[in-house]
Each structure stands twice: as structure tokens, then as C-alpha cells.
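Q: Given next are the chains, with one letter for each unit.
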Amino acid sequence: QKEVEQDPGPLSVPEGAIVSLNCTYSNSAFQYFMWYRQYSRKGPELLMYTYSSGNKEDGRFTAQVDKSSKYISLFIRDSQPSDSATYLCAIFMNRDDKIIFGKGTRLHILP
Amino acid sequence: NAGVMQNPRHLVRRRGQEARLRCSPMKGHSHVYWYRQLPEEGLKFMVYLQKENIIDESGMPKERFSAEFPKEGPSILRIQQVVRGDSAAYFCASSLTSGRNLKNEQFFGPGTRLTVL
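Going line by line, the protein sequences match chains A and B.
Under the numbering used here, the first residue of the first sequence is numbered 28, with each subsequent residue one higher.
Under the numbering used here, the first residue of the second sequence is numbered 2, with each subsequent residue one higher.
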């Protein structure tokens, strides 16, 4: 079983729609849950991270973690064409230095 | 304030040649990480270095791959005798202090795309 599972998409939604991106993970010891955004031919950039279960909001973005079901989500409200990118979920343990990434979901926001 | 710099951005090698990928961390950062992104795959951790020390190389292939981060100059990821399966995007990240505290964010460079013919 892979440590982080993520549907690669692509996912196409119309501008203004709410986008839901999801990942599952296998190891209950993971502590930090992150979302990265990667534009084509660029390096990933950290969007948000959460520690433990619950929600975290930043502007149009909401990250959600459900540790009981090992499920992490990213919601994008009022999606814009500029949100078109690959979104990578990632997990991190405090005792390690490596980040474990999902495969990424390619998102297209249609104008 | 320049971000993480990687060069070259694109590198083409024939099978059996050597590939050298360079990474200059952000100013003031002394921790460097290398990741590999294969087509249709996520980023995979390869190695974590501090100045002159390899801290964690658990993601490095056992043969042909090596990494260094000298006291002066960029970090180098070296791939000897490249094979077609080495074709991938290689990303470098740097952090101010140890990544063991996620508040010390890893900042990624733009990557080097290696193509092996």
C-alpha cells in the first residue's frame, strides 16, 4: 500500500465552481499534512499545511484533515483560471526531514 | 532575494554519459534536499544534505548516484553512466534550518529536466 494515494485526474471544472481535491494516507503516525501547487515547468510551492485533524482556511483555500479516516482534502472556492495547476498533497513526520508526496492532481479551470 | 536556483534547466545526455545537476540554495539556507519526479509520478525524496555532510540518503539509488554540498559553491547531484530510466525532473529544495520542524519550510527550485537518449 502506498503511503499517499492521490487521483491524478485531470479534473476540469468551470470558473467559479468549488473544487475538491483529496488524498488518503496509510500511516497514522504522520503529523503534518500539506498541499503544494505546481505550475507547468515550475517547482512546487507550499500552499497550506495543517497539523492534526480539523480545518484551516486561507482566503479561497480550505485544507481539511480527518485522521480517523486518514483522509485529507483541499477545497478551492470561486475557482479562477489562474488556479489551473497540479496540486500535490504531501505528508511529513517530525522525526524525518523528507516530505512524502502524492502523485498530484492536474486541475483545469475552464474560463 | 533570489530563490533556489538550479542549472541547467534542461540537460540531454546519451546513455553511459555523466549528468551533473547544480543547486544553489536560497541565501542563508544551509540545508538542501533533492527530489526526483518521474513522468506521471509524484516527487520522491532522494537525499538531504547540510554543508559538507550527507544527513539522509535513504532515497538515493545505491549505484551511480551521488550528492555533495561543499563548504563553498552549489550542491551537486551526480549521475554516472546514465540510463533511459534516469530521465526525469530533478528538484532541489532548501530550508533555513532542519526540516524536522515544518515551520522551516522547504523552498523548491524550478528543477532540471534530464533527458537520456
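Worth double-checking, as some hints may not be accurate.
As the list claims (entries may be wrong) - Computed beta-carbon distance windows for the label pairs:
#, chain 1, residue 1, chain 2, residue 2, range
1, B, Q51, A, I45, 39 to 47 Å
2, A, R87, B, R15, 27 to 35 Å
3, A, R68, B, E73, 26 to 34 Å
4, B, E73, A, I45, 27 to 35 Å
As the list claims (entries may be wrong) - Every beta carbon over 12 Å from chain A, so not counted as near; a handful from chain B, in silico:
#, residue
5, H11
6, Q18
7, K52
8, K63
9, V84
For the record, the hints were derived by calculation from the structure and aren't laboratory data.
In this text, all values refer to a predicted model and were calculated from it rather than measured experimentally.
No residue lacks a Cβ here, since even glycine has one placed at the ideal position from N, Cα and C.
Q: Quick check: which numbered hints come out false for this structure?
A: 2, 4, 5
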